[in-house]
Amino acid sequence: DTGVSQDPRHKITKRGQNVTFRCDPISEHNRLYWYRQTLGQGPEFLTYFQNEAQLEKSRLLSDRFSAERPKGSFSTLEIQRTEQGDSAMYLCASRHSPWSPLHFGNGTRLTVT
Amino acid sequence: KNEVEQSPQNLTAQEGEFITINCSYSVGISALHWLQQHPGGGIVSLFMLSSGKKKHGRLIATINIQEKHSSLHITASHPRDSAVYICAVRSQKKSSGDKLTFGTGTRLAVRP
Chain L
1 DTGVSQDPRH KITKRGQNVT FRCDPISEHN RLYWYRQTLG QGPEFLTYFQ
51 NEAQLEKSRL LSDRFSAERP KGSFSTLEIQ RTEQGDSAMY LCASRHSPWS
101 PLHFGNGTRL TVT
Chain W
1 KNEVEQSPQN LTAQEGEFIT INCSYSVGIS ALHWLQQHPG GGIVSLFMLS
51 SGKKKHGRLI ATINIQEKHS SLHITASHPR DSAVYICAVR SQKKSSGDKL
101 TFGTGTRLAV RP
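Taken in order, these protein sequences are the chains called L and W. The working numbering puts the first residue of the first sequence at 1, with every later residue one more than the last. The working numbering puts the first residue of the second sequence at 1, with every later residue one more than the last.
Extracted from the complex, chain W is given alone in its bound form (with noise of 0.2 Å):
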């Protein structure tokens, strides 16, 4: 079992839709990462957080320590909103250093 499970793997939407990106991790962590990845490779960090709720523009992100699971949500998509999005956790461990574990990514596509 991976260390970072995300679902669903691939979401196709229609423009406007409200989109949510599920994350659940098995290991006691001190942050999180949402990430958003464009075709090309370029990577760019959404959101860090290790509690509660993070808001930006039409992109939320909440954290449950307790269950372990991590949601990003996206409200009014837009086809450009079309990425790939990975969720990725530090563990809590020492032993861990200061790597990121990476989940496989949830493949979003906005129709207009």
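Bound conformation, chain L alone (with noise of 0.2 Å):
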């Protein structure tokens, strides 16, 4: 057990450009969670996977942000023309099932200059 691995730890980039990150969840887990968190805040919903399937997306994902799990293994989140607002640790957990711990990953920190 490697544990979840997010990769890069820190991104920083120009507005308006695009990023991407990825999460490589603990291997035997089918569920996989992006989280966005802000300075002072808790960490705030954004999309899961179970297995391959998106099963949920919340309202603070604009269409310039997506995310794919294509094998049901690792995952991709992408923001397209980012903004300053976008500004945020980006976290990525998984685990086995609704009713097992979460695991979180150390997260990739985004800067939008």
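In short, the hints are calculated from the structure, not lab data. Every residue gets a Cβ at the ideal spot worked out from N, C-alpha and C, and that includes glycine. Fair warning: there could be bad hints in the mix.
Said to hold, decoys possible - Restricting the straight-line Cα-Cα distance to at most 30 Å, the calculated cross-link-like pairs of lysine-lysine (DSS-like) are: (1) L:11 - W:99; (2) W:93 - L:57; (3) L:71 - W:99; (4) L:71 - L:11.
Unchecked claim - Covered stretches of chain L (chain W as the covering partner; in silico rule of three or more C-beta atoms under 8 Å from a C-beta of chain W): (5) 21-27; (6) 48-60; (7) 70-78.
Combine the two chains into a complex, taking the hints into account.
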């Protein structure tokens, strides 16, 4: 069990650029979640997958955001035409079932200048 | 009003003190999580509970479903307990799916 891995740890980008983040969950976990956290706040739900199916997407996720989990293993979160308001920590978590504990990655900190 | 409210927002304690962090929520839930977040972002799951009480080392979590309230207790606190403690709930409603709603966290500093 190597834990949930996120890449990159930090990303600085200019407004208007596209960015993509990757999450590798714990291998036997079929549920994968993306959350966003801004300074001083708790995480906010963005989207989640069961295997390769994206089952729910938050209203927070505008059309500029897209997430995939093509083979039910790793997932990517892409933000197009980044805005300064997208600056946040993007957290990925995984678990085996709704009744098991969540395992979080260390997050990707995005700064949009 | 947020669905999940934590108190206090900030807490400073002296090493060895008994600490209580509170979480109140406004919806029916199927599970409540207590999480610990250290500077730099990493989040660790401490407890997941739906009734009663759980204990792990110096940490104790309790929940009162009728009162929609949970507490996290730390006995014999230590400076390494300094972190942000976050409460999160999973709603009972089918329409809420499998997502968690988080509180804003309680920042704990334990002084030696």
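Here's how the hints hold up against the structure:
1. Distance restraint check for residue 11 (chain L) and residue 99 (chain W): the Cα-Cα separation of roughly 26 Å lies within the 30 Å cut-off, and the hinted pair is therefore satisfied.
2. The suggested pairing of residue 93 (chain W) with residue 57 (chain L) holds, with an alpha-carbon distance near 16 Å, which does not exceed 30 Å.
3. For the proposed pair residue 71 (chain L) and residue 99 (chain W), the alpha carbon gap of about 22 Å is at most 30 Å, so the pair holds.
4. Between residue 71 (chain L) and residue 11 (chain L), the direct Cα distance comes to roughly 25 Å. Compliance with the 30 Å bound is thereby established for this hinted pair.
5. Only residues whose beta carbon comes within less than 8 Å of a beta carbon in chain W count, and the region 21-27 of chain L has 0; fewer than three means the coverage is violated.
6. With 5 residues bearing a CB less than 8 Å from a CB of chain W, the region 48-60 of chain L meets the requirement of three and the coverage assertion stands.
7. By the rule of at least three residues with a Cβ nearer than 8 Å to a Cβ of chain W, the coverage given for the region 70-78 of chain L is violated, with 0 such residues.
The structure fails to meet hints 5 and 7 from the earlier list, while all remaining hints are met.
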